[in-house]
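Asks: So you can see what is in the structure, the chains are spelled out below.
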Amino acid sequence: MSFELLEKFRDPALCRKILDKMESELDRELRFMEVCGTHTVAIFQSGLRSLLPEKIVHLSGPGCPVCVTHESEVNAFLDLAGHENVILATFGDLMRVPGDKGRNLKKAVADGARVKVVYSPFDTLKLAKENPGDLVVFIGVGFETTAPTIAATMKMAREQGIDNLRILCFHKTVPTALDALLSDEAINIDGFILPGHVSAIIGVEPYEFIAENYAKSAVVTGFEPLDILQSLNQMIEWRNKGEAHVANNYTRIVGEHGNPKALEIMYEVFEPCDALWRGLGLIPGSGLEIRPEWESFDAKKQFGIEIKESPALPGCKCGDILKGVKQPDQCPLFGKACTPANPVGPCMVSTEGSCAAYYKYKLD
Amino acid sequence: MCLAVPAEVLSIDADVAVCRVDRGQTTVKASLMLLPAAPEVGEFLIIHAGFALRVLDREEAEESLRALNEAVGCPLGTGTEE
Ligand code: SF4
Ligand code: SF4
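First to last, the sequence lines map onto chains A and B. Residue 785 is where the first sequence starts when you use the numbering used here, and the numbers rise one by one after that. Residue 24 is where the second sequence starts when you use the numbering used here, and the numbers rise one by one after that.
Do not take every clue at face value.
Subject to a maximum C-alpha distance of 35 Å in a straight line, what follows is the list of computed DSBU-like cross-link-like pairs (lysine-lysine) [said to hold, decoys possible]:
{"no.": "1", "chain 1": "A", "residue 1": "Lys-1084", "chain 2": "B", "residue 2": "Lys-52"}
{"no.": "2", "chain 1": "A", "residue 1": "Lys-1084", "chain 2": "A", "residue 2": "Lys-805"}
{"no.": "3", "chain 1": "A", "residue 1": "Lys-1120", "chain 2": "B", "residue 2": "Lys-52"}
{"no.": "4", "chain 1": "A", "residue 1": "Lys-1025", "chain 2": "A", "residue 2": "Lys-1045"}
{"no.": "5", "chain 1": "A", "residue 1": "Lys-939", "chain 2": "B", "residue 2": "Lys-52"}
Treat the hints as calculated values from the structure; they're not laboratory data.
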């Protein structure tokens, strides 16, 4: 019965009306960026991208955890693969992310590394119990949606006395990255479609600086076509009135203050730190690291891993794409040297990556 | 990687919910550890990586549909009628 309620957010007739309204109200170009991989996929999959008025320029920003994982972070987990007594545990998407010298985790497995793909960080508890003589190292990537699930797993490991689980912590936080994007003058964005599930955790408040400091609009948005259209429509209306606001259109999931319990667990285990993002470089305060009280879980400390600036993949324009400066088909490798079957950069690897979505839905 | 899906709670046992995704037969388990309060059977959760992140607020869903219809000028309709 409630599935029916959710399906109403796809009502084609209502979508058409909003599209017509947008078309009639747009007199100038509007550049909007979504910063969530699931939005990227939703916009293509639902066919919205081809229905949107031409004056809307759609950019996919740094919204996929796989895409923003820095070169140096990729090399760090590739270095760990094959380490004696180490079982790497990871979400499946990281398996094909290219590191230096053509390395990736799939190849590492072929060379004998023990790598286990898990659906949930929770599964690492079982893995650790079953392999008491080994260290299970989970590659922790992702934003505020994923970080609390890992924090909860660490808490459970401690409660259950599991001492052979480690976390290689590369978590990043969304609002700080948006701040960095907005302060870069080369980047020209009129409004943001804000991530629904990150916001379910952090709420709306952390984005208010977007209107206050930069006079741009941003709307927390769900993943159905009507959610997305309504947010765009609002941003057009505000721009026509010369206003900028931060609003929440996903109130069925996102409360004003997010999910306080998840935030509490996340900050019990992690604290903010500086982080390197692919394409965006070092953004102060944009990462999460393991607090000293939880140090025994910290794979970076245990293996002396340092994350530092390192050369980008030759020819790959992922950095410009994540900043919305270039579209995927403006990369010289797109669809030629770089395809989903043979990705050169991470944006072509993850199904939520902009290049992969572009490839799948544009070339079909 | 971080796909989060809505799913209906079928049963709850010791802080873990068994949920149905879409209308199909597929069920998934979700830890309720991150929720401020336990959901009820029949409620909808947003699940990511084996954890429930939020409970869907039905009233808010209905309210936003109403607001959507209003925004395009059919305050009482469903949007399908003129
Ligand atoms: S909102 Fe969720 S699905 Fe979207 S990029 Fe963030 S973590 Fe991924
Ligand atoms: S097409 Fe490939 S090489 Fe070019 S930016 Fe995208 S992922 Fe990188």
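Asks: The structure should be examined with respect to each hint, and the outcome stated for every one.
Replies: Structure-based check of all given hints:
A C-alpha spacing of about 31 Å is found between Lys-1084 of chain A and Lys-52 of chain B, which places the hinted pair at or below 35 Å, so the restraint holds. Simply put, Lys-1084 of chain A and Lys-805 of chain A have alpha-carbon atoms about 52 Å apart, too far for the 35 Å limit, and the pair is violated. Taken as a hint, the Lys-1120 of chain A and Lys-52 of chain B pair is broken in the structure, with Cα atoms around 41 Å apart against an allowance of 35 Å. At roughly 38 Å between alpha-carbon atoms, Lys-1025 of chain A and Lys-1045 of chain A are farther apart than 35 Å, so this suggested pair is violated.
For the suggested pair Lys-939 of chain A and Lys-52 of chain B, the alpha carbons sit about 19 Å apart, so the restraint of at most 35 Å is met.
Checked against the numbered hints above, the structure violates hints 2, 3, 4; every other hint is satisfied.
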